[in-house]
Amino acid sequence: GAVVSQHPSRVICKSGTSVKIECRSLDFQATTMFWYRQFPKQSLMLMATSNEGSKATYEQGVEKDKFLINHASLTLSTLTVTSAHPEDSSFYICSACRDPGTYEQYFGPGTRLTVT
Amino acid sequence: AQTVTQSQPEMSVQEAETVTLSCTYDTSESNYYLFWYKQPPSRQMILVIRQEAYKQQNATENRFSVNFQKAAKSFSLKISDSQLGDTAMYFCAFINYGGSQGNLIFGKGTKLSVKP
Chain L
1 GAVVSQHPSR VICKSGTSVK IECRSLDFQA TTMFWYRQFP KQSLMLMATS
51 NEGSKATYEQ GVEKDKFLIN HASLTLSTLT VTSAHPEDSS FYICSACRDP
101 GTYEQYFGPG TRLTVT
Chain C
1 AQTVTQSQPE MSVQEAETVT LSCTYDTSES NYYLFWYKQP PSRQMILVIR
51 QEAYKQQNAT ENRFSVNFQK AAKSFSLKIS DSQLGDTAMY FCAFINYGGS
101 QGNLIFGKGT KLSVKP
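Residue numbers (this note's numbering), protein chains in the order written: chain L, 1 to 116; chain C, 1 to 116.
What the hints contain is simulated information worked out from the structure, not anything from laboratory work.
Be aware that one or more of the hints could be misleading.
Just so you have them, the derived chain L footprint on chain C, three or more residues with Cβ under 8 Å [unchecked claim]:
| id | region |
| --- | --- |
| 1 | 19–31 |
| 2 | 43–50 |
| 3 | 87–97 |
Simulated crosslink set (DMTMM-like; lysine to aspartate or glutamate; CA at most 25 Å straight-line) [to be verified]:
| id | chain 1 | residue 1 | chain 2 | residue 2 |
| --- | --- | --- | --- | --- |
| 4 | C | K108 | L | D88 |
| 5 | C | K115 | C | D26 |
| 6 | L | K41 | L | D27 |
| 7 | L | K41 | C | D26 |
| 8 | C | K73 | L | E104 |
| 9 | C | K70 | L | E63 |
| 10 | C | K111 | L | E104 |
| 11 | L | K41 | C | E10 |
| 12 | C | K108 | L | D27 |
| 13 | C | K70 | C | D26 |
| 14 | L | K41 | C | D86 |
| 15 | L | K41 | L | E59 |
| 16 | C | K55 | L | D99 |
| 17 | C | K78 | L | E104 |
Everything numeric in this text was worked out from a predicted model, so none of it was measured.
Note that beta-carbon positions come from the ideal geometry of N, C-alpha and C, so glycine has one too.
With these hints in hand, go ahead and build the complete structure from the sequences.
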């Protein structure tokens with residue numbers, strides 16, 4: 001199998017605080033993980049590509065200092081939303097590539113972030 | 001620019017019937033993969049089927065099959081013997097590889113409802 005987990009599944013935080021979301025590949029090692037954001041009834045928007053042991057690659061328009069990504073090991077990537085504001089409320093999904101040659105991504109179950 | 005277009009925002013089908021979801025894409029690359037992902041109400045993204053562009057034979061996975069027309073840049077998904085559990089958002093996605101690997105690009109999705 002290729003299982004990817006995310007924690008937490010739901011989080012509510014107050015405006016101005018920071019929130020960390022974890023993405024783990026449970027039964028495989030992933031040198032590359034991806035972070036997406038999904039607005040209601042819309043498609044997935046790639047935020048950044050997380051590479052183990054190096055800096056993340058951010059998509060145009062995504063603030064690096066606001067969305068901090070750390071890929072500390074081959075099975076864990078974290079996304080920290082710093083100084084969260086209500087407009088950061090969204091569904092965040094991570095994915096991991098198990099077999100680089102197939103370019104097939106396995107997705108986590110997502111994290112619903114609500115900033116009050 | 002690489003784009004993926006799903007022209008059917010919503011579709012419905014009776015249980016046990018067959019339904020086809022449309023997808024077209026635009027790219028100047030010759031090496032790429034195409035995917036169909038399913039996102040049920042749980043929001044978990046699940047890979048349904050994958051097609052390598054260099055393969056002429058259409059991919060099949062049990063009740064799911066594709067009609068891949070490379071020249072027309074078309075990649076439709078056929079679901080046979082539809083089941084209630086097939087109710088979900090379906091996203092067509094594309095990724096190129098080779099000289100410079102691109103990112104996974106998603107269409108806007110088709111909401112499929114299977115009716116009893």
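Going through the hints against the structure:
no., hint, in the structure
1, 19–31, "violated (count 0)"
2, 43–50, "holds (count 6)"
3, 87–97, "holds (count 3)"
4, C:K108 <-> L:D88, "21 Å, holds"
5, C:K115 <-> C:D26, "33 Å, violated"
6, L:K41 <-> L:D27, "31 Å, violated"
7, L:K41 <-> C:D26, "23 Å, holds"
8, C:K73 <-> L:E104, "20 Å, holds"
9, C:K70 <-> L:E63, "37 Å, violated"
10, C:K111 <-> L:E104, "22 Å, holds"
11, L:K41 <-> C:E10, "11 Å, holds"
12, C:K108 <-> L:D27, "30 Å, violated"
13, C:K70 <-> C:D26, "10 Å, holds"
14, L:K41 <-> C:D86, "18 Å, holds"
15, L:K41 <-> L:E59, "21 Å, holds"
16, C:K55 <-> L:D99, "19 Å, holds"
17, C:K78 <-> L:E104, "20 Å, holds"
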